[in-house]
Structure formats: C-alpha cells, structure tokens
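These protein sequence lines map, in sequence, to chains A and B. Okay, so the first sequence: first residue is 1 according to UniProt numbering, each after it adds one. Okay, so the second sequence: first residue is 1 according to UniProt numbering, each after it adds one.
If you're looking for bench data, these hints aren't it; they were derived computationally from the structure. Hints are not guaranteed to be accurate.
Said to hold, decoys possible - Here are some of the chain B residues that sit facing chain A, going by a computed Cβ distance under 10 Å:
{"hint": "1", "residue": "T125"}
{"hint": "2", "residue": "Y132"}
{"hint": "3", "residue": "P154"}
{"hint": "4", "residue": "G156"}
{"hint": "5", "residue": "I164"}
{"hint": "6", "residue": "Q165"}
{"hint": "7", "residue": "D326"}
C-beta atoms are modelled at their ideal positions from N, C-alpha and C, and glycine is treated no differently.
2 protein chains.
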Amino acid sequence: MDPGVELLGRSDLEALQLERLRRTVRRAARSPFYGARARQYGIDGERIKSLEDIRKLPFTTKQDLRDAYPYGFLCVERQHLVRLHISSGTTGQATAVFYTQRDIDRWADLMARCLYMTGARPGDTFQNLSGYGLFTGGLGFHYGAERLGLLTIPAGAGNSKRQIQLMRDFATTVIHIIPSFALRLMDVMTEMGVDPRRDLQLKIACMGAEPYSEEVRCRVEAFFGVEVYNSYGLSEMNGPGVAFECPARNGLHIWEDAYLVEIVDPATLEPVPDGMLGELVLTTLDREGMPLLRYRTKDLTRILPGDCPCGRVHRRLDRIQGRSDDMFIIKGVNIFPVQVEQVLMSIPEVGSNYRIVLDRENNIDTMTVQVEVTDRIFVEDMRHLQRIQNKITRELKSELLVTPRVELVEPQSLPRNDGKAVRLVDHRNPYNT
Amino acid sequence: MDPGVELLGRSDLEALQLERLRRTVRRAARSPFYGARARQYGIDGERIKSLEDIRKLPFTTKQDLRDAYPYGFLCVERQHLVRLHISSGTTGQATAVFYTQRDIDRWADLMARCLYMTGARPGDTFQNLSGYGLFTGGLGFHYGAERLGLLTIPAGAGNSKRQIQLMRDFATTVIHIIPSFALRLMDVMTEMGVDPRRDLQLKIACMGAEPYSEEVRCRVEAFFGVEVYNSYGLSEMNGPGVAFECPARNGLHIWEDAYLVEIVDPATLEPVPDGMLGELVLTTLDREGMPLLRYRTKDLTRILPGDCPCGRVHRRLDRIQGRSDDMFIIKGVNIFPVQVEQVLMSIPEVGSNYRIVLDRENNIDTMTVQVEVTDRIFVEDMRHLQRIQNKITRELKSELLVTPRVELVEPQSLPRNDGKAVRLVDHRNPYNT
C-alpha cells in the first residue's frame, strides 16, 4: 500500500489533483487534437483555477479518437514511446493508445495497488487467465502482479483443462478472469469432478472487462470458494487499474490521484449529484504520452455516497450498470442486458448461460430470452419446466416492464467462447436481413 | 550496446565466466535436485578451478526437469519469484521455469542487446507477431523491446489481416515472427495485393522458434524487403535471447557472459572440436531462481571457428540443424526435416508449404514428400509438372541418399496454422494405426 497517496485527506488529494490537472491541460495542448482545441477555445493550464474549471473544457469522445487515428493525440515524439495498444472497435475504426516508459510504470503501480488492496502478497501465486497481446487486460494485470512480487503465471485465455492443471500444480491463490470464462470453468470443473474448495487453494478472484451482476459474483464465490473483487478499466485510460474494490467490496475505489472523475447526465451532459446514475467521464491526471481530457467512457455508473470503512478517501463507483451503447430499446423501454442477467442469476434453476435475441415480426419488436437450465432440471418433467418458464417470464416482466418470450434450452447448448460472451443478438437491423 | 560485456577480450570474458560458474554451482546446490547431486558427487563451487572443470559435473536432461516438476530445481523461496513459464511438452509431462525479478531484468537486458545488435533503435516500431502467455517468445521479445525503448505493438500470433493493417498504420520497421507465419503472411499479402517493399516500412525481421533454412531466409528477405536475423533460445534458458545474429549474419553470437556453451557428441557425450556438429549443452551463468548446469538442449549445431567482423568475442553458433528428437530414420539413414526443406526451398517452382509423411507398407518404410507448387505453375501442363516432380525427387535423393515419393499438390492445400508448422507426420508407429 502507498499510504502517502491512498490515505491522503480529501483536501490534500484535491490539491494534488488540481496541480496535476493544470499540468495535464498544458501538456495535452502539445498534441495536434488538443492544440487545435486550445486555440479554438482559448484554454490553457493557467485558466484552470479550481477542479470545477474542468467544465470549461469540451468533452472528448471515442469518435474524436477515431478521427485523430493514429497520432492525433500524441504529446511526445515517437522515439519516447514504448507501447501501443489498439482497441479493435467492434463498431468500426480502431483507436490507438500510446504509452511512454513512465506511463507503463505508473500503470503497473496502479495495478499493483489494486492487487495489494485485495490482500494479494508476495508468496501468492497469481494466474492471469486473460488474453494477452493487444487486449490491455492481460499485460495490465501481468505488469501489476510482477510489480507487487506475485509469482505470475501468464496463462492466457482459454484452454480450461490446462488452467485447472496449473491451479493444482502451483497452488494458485489469486486469479484474474473475465466473468463468462469463470462460468465456463465452473462447468468444466464440474464435468471433471474438480471441487475447487477441496482441491485448489484459490482465495481471490479479480473479475472485470465484462459487466456482471451481484448474482454472478455470488455464484463464482460459492463455487470457487473465493472472494471476488470487481475490476474496472478501459484501454483509453491505460486498461485495467482505473477503479477496483477494496475488502469492503461495496463499490470500486477510483484512483483519484490518476483520474479525475465526473458523472454526467448522458443527455444534457450536466453533472449529476452523488448517488445518481449517469455516464462516467474521466480525465487522466498522470499520463505523459497521451493525456485525455473529459473522456466520455459511455459506461453508466454512480458515485456511492459516504465513507468507506477501509479508510481510503478515493471515491467509490458503483458497479457498471451497462454501456449507453449496450442499451437497447424495445417497445419504447430502455433495457440493459445486465438487468436481464440480474433476474436470471437469482433463479436457482437457471444455468450459467443465456442470450437475448431481438427480432421484428410484422413490424413489431420481439424480445426472446434463451436460458440454459441446470443439468438437474432438464431431465425433469414438462410441467416443472413450464413452471420455471413462467417464473422467469414473470420476474423479467416485473423488472423490465416488458414481457419477453422465454425459451428454456439444454445445458451448454448456447454458443459460447472463451472470450467475451455475446449476450445480445439484434436481428432488427434491416440491413442484416 | 554494452561494450563492457560485448567487446570484452577473450581472457577477461573467461575470467568473468569462471567467477560466475563457481557462483552458479554454489547456488544450484540450494535446490533439492542439485543439492542431492552435490552430496552424491561431492561437487561444490570450490572444486571448480577452471572452466574445463565443468566436465566433472553430470548433465541435466529434460527428463530430470520432468521428474523434479514442479519445484525440484528452485533455489529461492517462492515469495522471491515473479514469473513462471511452462513448456507444454509435446512429448508428455510439462516442465516449469521460474524467474526472480532479477532474472526477468537480466533476460530483458539480453533481449535488448539482441535487438540493438540488429540495428533497432528508439524511434523504431516493433511489432511482435508472436504468441504471448506461457510461450516465452512473446513476453521475452516484448520486455527486451520495451527495455530498448522501441515502440512495441503486442500484436500476438495469427490474425494476418490485422497484422498487415498494423504494419501499415504504424509504419512498423522491426518484426518478430516465426518462419511458418512469415510464409503464411506472404500468401495473404499476395492475395491482398500488398507489396511490402512498396507499401510498408519493414527493415528488420527477427525469426526463430522453429528451425529454418537459409533458403527460407532468402525468400522472406526478398519478399518483405528486410534483413532477417536468426534468433535462438529455449524456455529452459529463459526463452529467446540466448544467441542472436549480428549484422554479419553468419552464425549466432551466444552470450557467453550469461551462458557457458559446450558442444558434445550426442552418443559419447564427449566434447567435439570447433566446427564439428554436435549437441548444444548450456549452463546458466547469471540466473538466480533456477540455475541449470550442463543442460542438454537436444539442439544440433556447431561452433563456427574464426573471428566475427563485428568485433564481438562471443562465439558464434551455426544455425540449428535440427533436434535429435526431430531426426527420423528411414531405411537406416538419419534424416532431419531441415535437410528436406533446404532442397525444396532452392527450387523456384516450389510454393511455401510442404509436409513429410512416413508410412509402413508391407513392413517397408516409405517416405512421401508432399509439396505445394506455386500458383503460376499449377495451371500449366502435365508434362511440365512431371518434370518438376522428377527434379525434386532427384535433388532430394542426392541430398538424403534415400529416394522419396514426391507428390505435387495445389497451392495452399496442405494443412497449416498460424502456430508452429507440422512438417513431419509419422504413421509408422503401430499404436497409431
């Protein structure tokens, strides 16, 4: 732990933030993109007298990053860069994030701080079940774990049986895993007759990269016998290590010495009060190669009011409630896939996978929720299946205010991969048919 | 460059080696495996008076690593370890290699030294087209490139089209790639109409992990417009960075400050003179977590006699001629797949892929060489194809002293993957049929 930063008083933290914000605004103006903006809006570091003055600056969007691809946000000469990550951009043009050696070091420090906070210590074995390469989740956790002095196994994604073998052979205590792969591993372990509570030494699981519900956390904790720590980050802000849970596991401390946080109404872009849901907007406070000012993350969350029993003043974000991009509208109602997941995972007969399929029949939108049931249930009689189906329909309707069609399917019949789960299939786009 | 080590005089280098060897022998005895050996053979660092005294020590084999899995070679407490790599062991039980932070740092230094030697400098963009995770090729080059200050793109293996896009968008100048993926990329670029000499900025390609012939080097150099540098390493010796070519590109300088090199006759295990082919045996001289003494690599090579024009005293290994494991015997003749490759790649009508299939018919061994021809050739008349077939058969017979059956097949019809190429299929094992 770095008490000098983590346990700063609020006013000292804010003084540090203001100093770093002014430096960041000055530095950002060296990039072609912010340089042009600075001339256009007449804004420089000198005009930032308080943290609130950040509102004088315009937002930066994913589209700005795309338009300025590849070098438009760069503040240093190319020979000072040591790393490049690409977000492949499911929705089109890629975006690039560049790092100097100092940026890599600070990022590793933040990740080490996160892992330390969960209780991981030298002597622990850390198995990183995350894709390496361009995806920041792999190298981000890897560098942080080595920085903290954990015995780091760069296991990578997939290959469930080898993962289990590694956990056994090296008495793995800490893992980093995406939620859909954790659910998949549960199935494989069950098939193989491996009981993690009996056969493995796991105690801490860091989960992130996909939004997941409290119910998924409970299932993973119960099966693996671990404490699950929620992890948040995005490649535009380095990658993982932006916000992380402490042992209170009631919200994610966002590292305010490195990121200035705002929550805004996604429609009006005005700040919302603590406790209100809105879009997370972040400004880097300690990045050299590619600072970003007021970056709209599209992630929906809220600031949790009140102090944390752990003593850290860094404010807590609620778990991500979805992305404005993920939200779909059906019959005029805004729905986030995570709402569906919350309902499903609270029903014991539901297995580990589901899928939402949107369609248009006779110009009317339909929503079908395909749900895998557990092995135990599937062999039982039709009347029982019907009862479960009705129960799911009823509970989804009560949460969503829309009545979906519910289909029960065999265990492990829905498409799945070891990468990110596809939870939503939208056939309504006329160009798709 | 580190002239203090790279340009040492021979006697100074040997003095450094002796000091490090004695330290290594003492340190190794802390491990269960070498501790037992030290008691058995009465050997400790004090008895090593000269470099030749290493011959008093018994060899260490892959089987020893397997038998002592997972912790039998460990010389430090687990809490001092930060990394673990596994070689998955195509032939059975995995082996584990452990690293302290100091080991990771020294490894990165060696890799940076290799990359510097090729001419790579800060300002270059380095695209690492190598699998990350447990495979040491990915993280090994990655750490070395960052250490040297190259802009490092952790592209990972596969995904040819994205690789080409990255090369274009970020003006990649240096790549690390395995030979079979380089050949695959040539096909994809040709399909896409990309001419690297016209459209890309590549100048240096580091190739290793699979043995390849001088003819493959020539093809890759001609197509991509690069200089190819041969890279050698193995996970038991950290990974890549054991030996590497300098701009003379006539043999690979083995870093003798970090590795003590012996070449032995694989049958008698006696040293062979410089210039003679034998099995490479390596001793780590600067490793803390898991030193290895006289490790039999199974790789066949020779010390190239004479001085290198580059001025480095570190001796040069010839390119790997194959592994004793890869060697197959047919009709009493020992053959290495690389010999077949050398012949094929010198014939212009031969495409980029081939496969050797061994079979047993009526208790007689048969060897079939399946050869992809180039697009240009395949559409031509049968007589021409027949002439090529005869030419290949003739030249293979002259090199191997065995007459194989040669089958010409369509371009890109042989199975291939973005990982390591499978060059040999042996159906003769009675348990396979």
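These are the hints, each one checked on the structure:
Taking 10 Å as the C-beta cut-off, the interface hint given for T125(B) holds, the closest approach to chain A being about 8 Å. The criterion of a C-beta within 10 Å of any C-beta in chain A is met by Y132(B), whose closest approach is roughly 3 Å, and the hint holds. Look at P154(B): its Cβ gets to within about 5 Å of chain A, closer than 10 Å, so that hint holds up. Taken as an interface hint, G156(B) checks out: its beta carbon lies about 3 Å from the nearest beta carbon of chain A, inside 10 Å.
A distance limit of 10 Å between C-beta atoms decides the matter here; for I164(B) the minimum to chain A is near 13 Å, and the interface restraint is violated. With a least beta-carbon distance of about 8 Å to chain A, the hint placing Q165(B) at the interface is held under the 10 Å criterion. Below 10 Å, beta-carbon pairs count as interface contacts, and D326(B) has none with chain A, the closest being about 24 Å; its hint is therefore violated.
In terms of the numbered hints stated before, the structure departs from hints 5, 7, listed from lowest to highest.
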